[in-house]
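Peer 1: With these hints in hand, go ahead and build the complete structure from the sequences.
Chains as they are written, first to last, in numbering that gives the first Met the number 0: chain A, 0 to 479; chain B, 0 to 479; chain C, 0 to 479; chain D, 0 to 479.
Incorrect hints may have been included.
When chains are identical, the list treats them as one kind, so a pair holds in a single copy or across two.
Here are the simulated lysine to aspartate or glutamate pairs, EDC-like style, with alpha carbons at most 16 angstroms apart [stated by the list, open to error]: (1) Lys460 <-> Asp325; (2) Lys408 <-> Asp260; (3) Lys404 <-> Asp260; (4) Lys116 <-> Asp280; (5) Lys404 <-> Asp164; (6) Lys460 <-> Glu319; (7) Lys408 <-> Asp261; (8) Lys157 <-> Asp313; (9) Lys460 <-> Glu329; (10) Lys404 <-> Glu419; (11) Lys404 <-> Asp420; (12) Lys408 <-> Asp154; (13) Lys116 <-> Asp353.
FYI, nobody ran anything at the bench for these hints, they're computed from the structure.
Number of protein chains: 4
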Amino acid sequence: MLMTPHAYLDSIRQRGITVWFRGEKLANPVDHPVTFPAANCVAETYRMALDPGTQGLMTAPSHLTGERINVSNILWRSRDDLLRRIEWERAVARRTARGALRSPGLDALNALAIITKRIDRERGTDYRTRLDHFLRETHEHDWALSGAMTDPRGDRTKSPSQQIDPDLYLRVVERRRDGVVLRGAKAHQTSAPHAHWHLVLPMGCRSGEEDWAIAAAVPSNAPGLYHIYSRQPGDDRRVEGSEIDVGLAAFGGCESLLVFDDVFVPPERIFLNGETTATRDLVHYFGSFHRHCYGGCKVGIADVLIGAAASIADMHGVLERPIIQDKLTEMVHLAETMYACAVAASARGEPVEDVWIPNLALANVTKLNVTRFPFEIARLAADLAGGAMTTLPSERDLRHPELGKVVRKFMSTRSGIDPEDRMRILRLLEYLTHGMGSTYFLHESLHGAGAPEAMRIMLRKEIDLAPHIAAARALAGIER
Amino acid sequence: MLMTPHAYLDSIRQRGITVWFRGEKLANPVDHPVTFPAANCVAETYRMALDPGTQGLMTAPSHLTGERINVSNILWRSRDDLLRRIEWERAVARRTARGALRSPGLDALNALAIITKRIDRERGTDYRTRLDHFLRETHEHDWALSGAMTDPRGDRTKSPSQQIDPDLYLRVVERRRDGVVLRGAKAHQTSAPHAHWHLVLPMGCRSGEEDWAIAAAVPSNAPGLYHIYSRQPGDDRRVEGSEIDVGLAAFGGCESLLVFDDVFVPPERIFLNGETTATRDLVHYFGSFHRHCYGGCKVGIADVLIGAAASIADMHGVLERPIIQDKLTEMVHLAETMYACAVAASARGEPVEDVWIPNLALANVTKLNVTRFPFEIARLAADLAGGAMTTLPSERDLRHPELGKVVRKFMSTRSGIDPEDRMRILRLLEYLTHGMGSTYFLHESLHGAGAPEAMRIMLRKEIDLAPHIAAARALAGIER
Amino acid sequence: MLMTPHAYLDSIRQRGITVWFRGEKLANPVDHPVTFPAANCVAETYRMALDPGTQGLMTAPSHLTGERINVSNILWRSRDDLLRRIEWERAVARRTARGALRSPGLDALNALAIITKRIDRERGTDYRTRLDHFLRETHEHDWALSGAMTDPRGDRTKSPSQQIDPDLYLRVVERRRDGVVLRGAKAHQTSAPHAHWHLVLPMGCRSGEEDWAIAAAVPSNAPGLYHIYSRQPGDDRRVEGSEIDVGLAAFGGCESLLVFDDVFVPPERIFLNGETTATRDLVHYFGSFHRHCYGGCKVGIADVLIGAAASIADMHGVLERPIIQDKLTEMVHLAETMYACAVAASARGEPVEDVWIPNLALANVTKLNVTRFPFEIARLAADLAGGAMTTLPSERDLRHPELGKVVRKFMSTRSGIDPEDRMRILRLLEYLTHGMGSTYFLHESLHGAGAPEAMRIMLRKEIDLAPHIAAARALAGIER
Amino acid sequence: MLMTPHAYLDSIRQRGITVWFRGEKLANPVDHPVTFPAANCVAETYRMALDPGTQGLMTAPSHLTGERINVSNILWRSRDDLLRRIEWERAVARRTARGALRSPGLDALNALAIITKRIDRERGTDYRTRLDHFLRETHEHDWALSGAMTDPRGDRTKSPSQQIDPDLYLRVVERRRDGVVLRGAKAHQTSAPHAHWHLVLPMGCRSGEEDWAIAAAVPSNAPGLYHIYSRQPGDDRRVEGSEIDVGLAAFGGCESLLVFDDVFVPPERIFLNGETTATRDLVHYFGSFHRHCYGGCKVGIADVLIGAAASIADMHGVLERPIIQDKLTEMVHLAETMYACAVAASARGEPVEDVWIPNLALANVTKLNVTRFPFEIARLAADLAGGAMTTLPSERDLRHPELGKVVRKFMSTRSGIDPEDRMRILRLLEYLTHGMGSTYFLHESLHGAGAPEAMRIMLRKEIDLAPHIAAARALAGIER
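Peer 2: Encoded structure:
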């Protein structure tokens with residue numbers, strides 16, 4: 000079953016999800032000017048799965064039900080699944096200037112599929128069966144899943160059990176006959192307020208920290224669960240009802256702190272429970288899978304930014320100047336390099352258990368470039384935008400009966416260009432370079448799926464230098 | 000006379016300056032939550048001139064009245080004036096995370112002093128006498144001056160007289176016996192709403208464009224003059240009255256479009272009138288002087304950002320890690336390189352007419368680095384900040400009687416750190432990397448005083464490659 | 000038939016190839032201390048095709064004869080051929096610190112296959128049949144082919160026919176019944192002295208320049224054909240017979256100016272003859288195919304350099320320091336990014352005529368990164384090498400009965416490390432960062448297969464910005 | 000007294016300095032084709048001190064004798080001495096493409112002057128008197144001094160006394176009534192074979208390592224002292240007698256391992272003897288002073304490289320293309336940024352004891368940029384050079400009666416350019432980017448006066464972050 004975007008939004012509206020926003024409880028996570036664009040961005044993944052022009056890209060057969068399902072919920076069964084992922088991630092991001100917000104759930108699903116299968120084999124548990132059951136329901140209902148891993152973590156130099164407050168890492172506080180009770184929180188939860196279910200994953204735990212080694216599926220309306228919605232630069236403009244000043248009216252993202260105030264989970268929704276030795280691999284898989292997709296979704300945003308920069312240069316009449324072309328080409332080069340890394344990670348993918356995974360080294364190489372290049376792309380875009388991007392009058396000035404004429408007069412550029420269109424493009428450029436959208440194009444690129452140091456650690460782990468050293472010594476004529 | 004900050008703010012309140020803000024006329028440019036921090040930042044230049052701890056740096060004797068005046072209004076009479084400039088620019092910026100907002104006026108004064116003296120000598124005019132008269136008054140009243148050069152410019156490929164609308168460059172529309180009438184606008188006017196006078200300068204004009212070659216002093220309350228105030232990311236938060244969420248409550252900057260709706264100027268306030276051949280040098284001097292000061296003012300903001308990054312690393316307990324120290328050192332290195340370029344431009348300064356000017360090549364080298372390094376400093380700061388910078392709850396959530404406890408619980412970090420303090424530093428980091436402050440640290444660094452290409456053109460002009468080529472040919476053994 | 004390396008070297012020795020070296024004619028292109036390492040590097044491609052450990056990678060079935068042939072001579076028949084190419088290019092380069100020197104011939108073959116098929120279809124010619132005939136012979140004899148495109152070009156602002164000397168682009172000077180006569184030269188001919196045949200390709204020609212639009216296969220012993228062998232930094236050391244000081248004794252590369260002093264070519268070896276309109280595509284295909292492979296061969300050299308840098312850090316006892324690990328990781332990251340771009344170009348390859356070609360945009364993205372990253376990798380390697388890399392005593396000092404003890408004493412480092420081994424690694428590092436090997440790792444990376452600007456031109460051509468602009472405008476709410 | 004270059008070279012010829020070169024003892028350090036360019040480069044500092052056009056820059060009054068002496072031997076007595084230093088360093092380097100080779104001696108003198116004065120005051124010793132006596136003789140004889148600090152160091156993780164071989168740091172092996180006996184070596188001794196005296200300085204020592212804490216002046220012909228001369232890429236070409244192929248015939252540099260095989264030093268030449276606590280400051284001063292001058296001498300080489308790049312672009316007829324101008328401007332920008340940092344370090348200099356020293360933080364900032372920018376300048380120069388730089392025929396080919404015509408034909412470029420001149424410029428470009436000159440422009444820039452990490456350590460030490468942190472906290476509203 001593929002939900003319509005309308006049905007999806009309704010299902011979220013009516014699910015009874017608790018969201019706190021600026022100290023007040025929202026009626027629902029959809030119908031507020033600040034939250035709607037984020038909800039609508041998730042809805043776009045539903046829309047594109049039904050749109051005949053994109054359905055081929057956005058859907059795939061479920062290996063459980065055989066029916067076509069959204070690619071956001073599949074297990075990767077082939078290299079082609081991995082290659083296609085980068086394409087649809089880029090396509091959604093290019094359409095929304097934000098991204099395919101169900102991706103963390105997708106990464107969580109696939110990472111869990113591997114780890115649960117491995118644990119079951121080693122320990123005789125039945126986690127994978129439970130996961131498959133949940134997965135089948137997910138496919139049947141076309142649920143939007145979130146992937147919830149990052150704990151608040153408190154003192155970074157201490158592990159979960161060493162924290163002054165043990166809740167700084169999500170944990171089991173009670174083990175009952177009929178299930179477990181979770182307490183704590185998950186931080187930086189991208190688009191989690193608009194999910195039907197949360198796939199909760201643990202961060203790395205050591206022996207003795209079994210209570211923190213918990214993975215589970217939790218419905219987003221579970222008692223005790225609530226969100227504290229983050230505020231980001233420029234989000235207030237949405238409240239005003241301005242269309243131009245927001246930069247991008249239709250789509251956006253959101254982050255929240257997801258609080259577990261003693262949330263009960265029954266056994267059939269538990270996929271890891273105390274197996275601390277499996278947590279490190281789970282973190283590595285989930286993190287690397289997610290890093291991989293940045294070579295699609297952030298490139299789609301880059302496409303929009305490049306398009307906006309080219310548009311403004313065209314409006315200013317300078318698009319064909321060699322120096323302008325040179326800068327646009329540099330932006331394209333950086334964007335395509337990020338994309339290429341992700342495509343290569345797919346092309347060098349391989350099966351682990353029954354899941355095809357991207358090459359882990361290249362997935363981390365992808366993301367390490369994504370922690371750098373968007374900043375340079377944004378700098379070049381700002382260069383092409385010109386000073387007007389930072390000194391624009393407001394839409395109300397433009398709409399004012401008298402003042403509006405003056406604004407139009409002095410915002411005009413070459414013949415044939417509507418000054419309002421110029422203002423719209425400049426606001427979009429502001430949005431992506433230092434407004435709300437820069438949160439995602441720049442800062443989420445830096446920290447999403449782990450800080451740059453996490454990629455470096457994985458690279459050191461995945462790329463063995465012994466063959467490099469052997470090659471050098473052989474060529475230098477050093478006998479072993 | 001040195002005005003107190005209080006007196007300064009009152010003088011601006013009562014001056015009758017017209018400012019349009021989101022489609023409405025403000026009572027005055029000071030007492031609005033969005034405009035106050037910018038006004039207060041100008042006031043800080045008055046405060047520091049009276050503060051015994053900074054008075055030595057911030058004041059100097061007037062060469063006209065002999066009394067100590069604010070350094071924002073001096074003519075540079077020595078290399079030491081140029082060296083000191085970088086110090087006080089950095090000091091003000093470090094205190095405000097914004098900068099010394101009277102600097103464009105200072106640059107306009109000094110550029111005009113040179114050009115008027117030169118024209119007077121060549122043509123027997125008396126522009127410099129008029130300027131000196133205005134300067135004496137300025138010193139006596141301790142006025143805040145703006146420097147207004149950038150025209151809206153319309154089609155970038157066409158000169159003033161070729162535009163469809165001739166007003167896209169400010170021009171004389173009427174020449175009367177008792178003066179001239181100006182029409183047009185000046186764009187990107189930094190802190191202009193808080194100035195007592197505007198020093199209006201022309202952009203480059205050709206022969207036949209005499210009406211656009213106009214320089215003058217215009218009182219900020221002149222009939223026909225008004226501002227359209229720009230809106231920038233995060234400015235809305237100031238309206239709410241939140242202290243933490245704004246990132247920086249006390250100080251800020253502002254930009255406006257300054258409209259001249261037939262503004263009359265009497266002869267004694269006119270400093271250039273139709274001498275088109277002088278306009279190119281005027282642009283080069285004004286631009287280069289202003290580029291020079293970026294090696295002070297943007298470095299002061301960098302200092303704050305480095306301090307904030309070090310603070311958050313300390314709060315997270317990771318300040319002493321080699322990889323963190325390495326990043327902080329890199330930030331310091333980049334900041335000090337920008338500073339060093341400006342100091343060198345001062346140290347290699349020389350007198351032109353009766354004004355000491357910075358070395359023009361090095362002033363442009365300074366600014367060209369400033370168009371790049373702040374972006375990397377900001378990226379490194381964001382790296383150290385961690386993901387929490389982009390997913391923070393609001394101050395209202397923190398102040399909520401119940402929710403506040405949860406926010407504090409999950410925002411806590413290592414022992415002894417108040418979660419609220421952590422949120423404050425993170426909001427300051429947001430402000431400077433992608434909030435309202437980034438407008439100044441990043442984007443004004445890119446475009447203020449000209450786009451990067453303007454620096455490159457000046458470098459090509461100022462650095463003659465002939466001696467380089469001669470040295471290479473001699474060493475290669477090529478006979479001329 | 001797969002030739003043994005021994006048979007290959009003998010075949011080149013006895014072929015009667017004319018090579019001028021420092022003003023003297025060589026007996027043959029193999030047995031000279033400066034030329035041997037380059038010949039041996041080509042031989043390595045024969046060796047690896049027979050070595051059971053690499054045969055799978057280095058050979059593939061001929062689509063003409065069905066027998067296994069060297070991958071250096073195949074037409075690409077599938078995406079997998081393209082993916083494998085990057086692997087064997089990297090493997091050869093890692094084994095030789097130089098590269099797979101038959102690659103330009105491979106690129107010429109495939110580019111010609113497409114263009115000849117297209118022309119034949121359009122004009123009824125039989126070029127492709129001729130090429131297939133030549134190709135079959137090539138497969139049967141396991142010939143080493145060179146690809147010869149770059150003309151000397153004289154004045155870069157003028158086209159072939161506008162040059163003062165028309166020979167500055169290779170051209171037909173006589174059209175005879177039995178064939179054509181070629182005059183001119185091809186510059187920068189990589190390893191051409193060690194080829195059996197040259198595949199001559201034209202650069203871009205316009206209408207009226209039919210005489211320059213010539214493609215042909217020319218045997219390397221054709222009358223009138225001779226090489227002027229280039230000299231490169233450090234090549235003299237090979238003459239001395241030192242093993243250590245050369246840095247890399249076994250392998251190397253070479254360049255030559257290939258002069259055509261009225262060389263006759265019969266019709267069956269001509270593949271393009273006056274079809275000027277086809278030359279631009281031929282240049283684009285040949286150039287882009289060759290750029291693609293740099294993401295393999297230069298990465299293999301990077302692997303060696305990374306291994307050498309890790310070795311020296313290990314010898315100095317600092318390998319595990321965080322700051323050292325950080326630099327090694329950065330080198331790996333840059334190398335893998337280049338590799339990833341090439342893999343992605345393969346993965347996004349597609350058939351044109353009956354040849355599978357890499358994605359042209361990504362092939363150019365690959366090479367554009369290759370014009371940059373090796374310089375940074377070399378800088379980091381030099382950083383890890385320490386000052387000793389630039390101040391090493393000679394091997395003769397080391398071998399001196401008395402002095403040798405002193406050299407060993409002061410070149411010693413941590414316990415257990417042989418000072419001679421340290422010197423060997425340092426000489427290898429010198430070779431690759433600023434000795435003869437840097438010619439290939441750095442400067443050939445910059446200019447081989449075209450200067451950086453050529454990649455930028457191709458990127459502008461291949462990546463259409465219209466969809467980017469449409470996406471931006473749609474999101475900004477601009478109606479078409 | 001100012002020696003003539005002729006007298007200087009004679010004095011070195013006749014001094015009886017022992018130099019081993021490729022396993023053989025040289026008759027003298029001057030008259031060998033490999034050593035002469037380095038000797039001649041030192042001679043240039045004598046030549047420029049007498050040349051009326053440069054004498055003003057290259058000489059200053061001795062504060063001991065009152066006579067004009069070479070600036071290579073002065074104590075810095077004013078800020079202007081520091082500012083002038085950068086100018087003459089750049090002038091010498093621009094004239095030689097190498098640098099002012101007496102600079103390490105100059106830095107050693109000034110560092111010792113400070114430290115000896117300080118120790119004398121604290122401990123009642125008379126080191127400074129001894130030094131002044133030596134300095135007076137130096138001024139009277141116009142000696143060339145070397146500064147010798149870097150020990151071979153063996154295992155980098157161990158201090159002098161922990162090494163397996165205690166001689167890996169230079170040390171006192173015998174304390175006699177009439178002086179001390181030194182054993183060990185100093186590595187990376189720039190131009191030391193052409194010095195009259197060596198100023199020997201210790202590296203950092205701890206308590207208990209008194210025997211290693213030795214500073215002294217040692218005549219370059221002292222019994223037991225000898226050099227092992229380093230070999231560098233391309234040095235062999237000098238032996239052949241080719242003028243063009245060497246790239247730069249007249250000037251060069253050299254490095255040696257300076258061995259102390261039980262060298263006796265009398266008390267009056269000893270300036271530190273066991274005062275371990277002073278060694279760290281001595282290292283910091285010497286290192287930072289030397290880092291400072293790189294902002295002059297490496298910039299002079301950059302000037303030559305920029306000139307060579309502009310020349311070749313001009314010969315190719317593309318000098319005025321926007322993209323070429325853009326690259327040249329970037330090279331200039333990077334060169335001037337390095338220069339500006341050094342000028343700023345001078346301008347912010349201050350007196351310590353009776354010596355004016357550059358600002359230590361900015362001196363290290365200068366050098367940290369010098370470890371980076373030359374690599375990018377060289378990359379851009381190589382880009383402009385084109386492929387011909389790496390594939391040039393030899394001078395012998397050019398001089399060959401028949402072949403020479405062919406070489407000239409195909410090396411010709413636009414009308415009016417002599418192909419030989421083009422070859423000369425290309426060889427100079429090769430020399431500076433990956434030949435012998437790159438040793439100095441690139442790799443000595445990286446490691447001379449300490450590896451990059453040494454600069455970072457000094458920056459961390461010199462720039463106190465506490466005021467930055469205080470500024471950030473105050474602006475964030477955090478109460479102390």
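Peer 1: Between Lys460 and Asp325, at a C-alpha cutoff of 16 angstroms, which is it: within one copy, between copies, both, or neither?
Peer 2: between (38 angstroms within a copy, 13 angstroms between copies)
Peer 1: Could you place Lys408 and Asp154 in one of the four classes (within, between, both, neither) given a Cα distance threshold of 16 angstroms?
Peer 2: Between copies, since 12 angstroms is at most 16 angstroms while 56 angstroms is not.
Peer 1: Treating 16 angstroms as the Cα threshold, decide for Lys116 and Asp280: within, between, both or neither.
Peer 2: The answer is within: 13 angstroms in one copy meets 16 angstroms, while 52 angstroms across copies does not.
Peer 1: Within, between, both or neither: how does the pair Lys404, Asp420 come out at a Cα-Cα threshold of 16 angstroms?
Peer 2: within (15 angstroms within a copy, 46 angstroms between copies)
Peer 1: One pair to classify: Lys404 and Asp164, alpha carbons no more than 16 angstroms apart. Within, between, both, or neither?
Peer 2: Between copies, since 13 angstroms is at most 16 angstroms while 60 angstroms is not.
Peer 1: Tell me, please, which holds for Lys404 and Glu419 at an alpha-carbon limit of 16 angstroms: within, between, both or neither?
Peer 2: Classified as within; 11 angstroms inside a copy, 46 angstroms across copies.
Peer 1: I want to check one pair: Lys408 and Asp261. Are their C-alpha atoms no more than 16 angstroms apart within a copy, between two copies, both, or neither?
Peer 2: Only across copies: Lys408 and Asp261 sit 15 angstroms apart there, 60 angstroms inside one copy, limit 16 angstroms.
Peer 1: Between the shortest in-copy and the shortest cross-copy C-alpha distance, which are at most 16 angstroms for Lys460 and Glu329: within, between, both, or neither?
Peer 2: between (32 angstroms within a copy, 13 angstroms between copies)
Peer 1: For Lys157 vs Asp313, is the C-alpha pair at or below 16 angstroms within one copy, between two copies, both, or neither?
Peer 2: Close across copies (14 angstroms), not inside one copy (54 angstroms); limit 16 angstroms.
Peer 1: With 16 angstroms as the alpha-carbon cut-off, assign the pair Lys116 and Asp353 to within, between, both or neither.
Peer 2: within (9 angstroms within a copy, 44 angstroms between copies)
Peer 1: For Lys404 vs Asp260, is the C-alpha pair at or below 16 angstroms within one copy, between two copies, both, or neither?
Peer 2: between (55 angstroms within a copy, 13 angstroms between copies)
Peer 1: Tell me, please, which holds for Lys408 and Asp260 at an alpha-carbon limit of 16 angstroms: within, between, both or neither?
Peer 2: between (57 angstroms within a copy, 12 angstroms between copies)
Checked against the numbered hints above, the structure breaks none of them.
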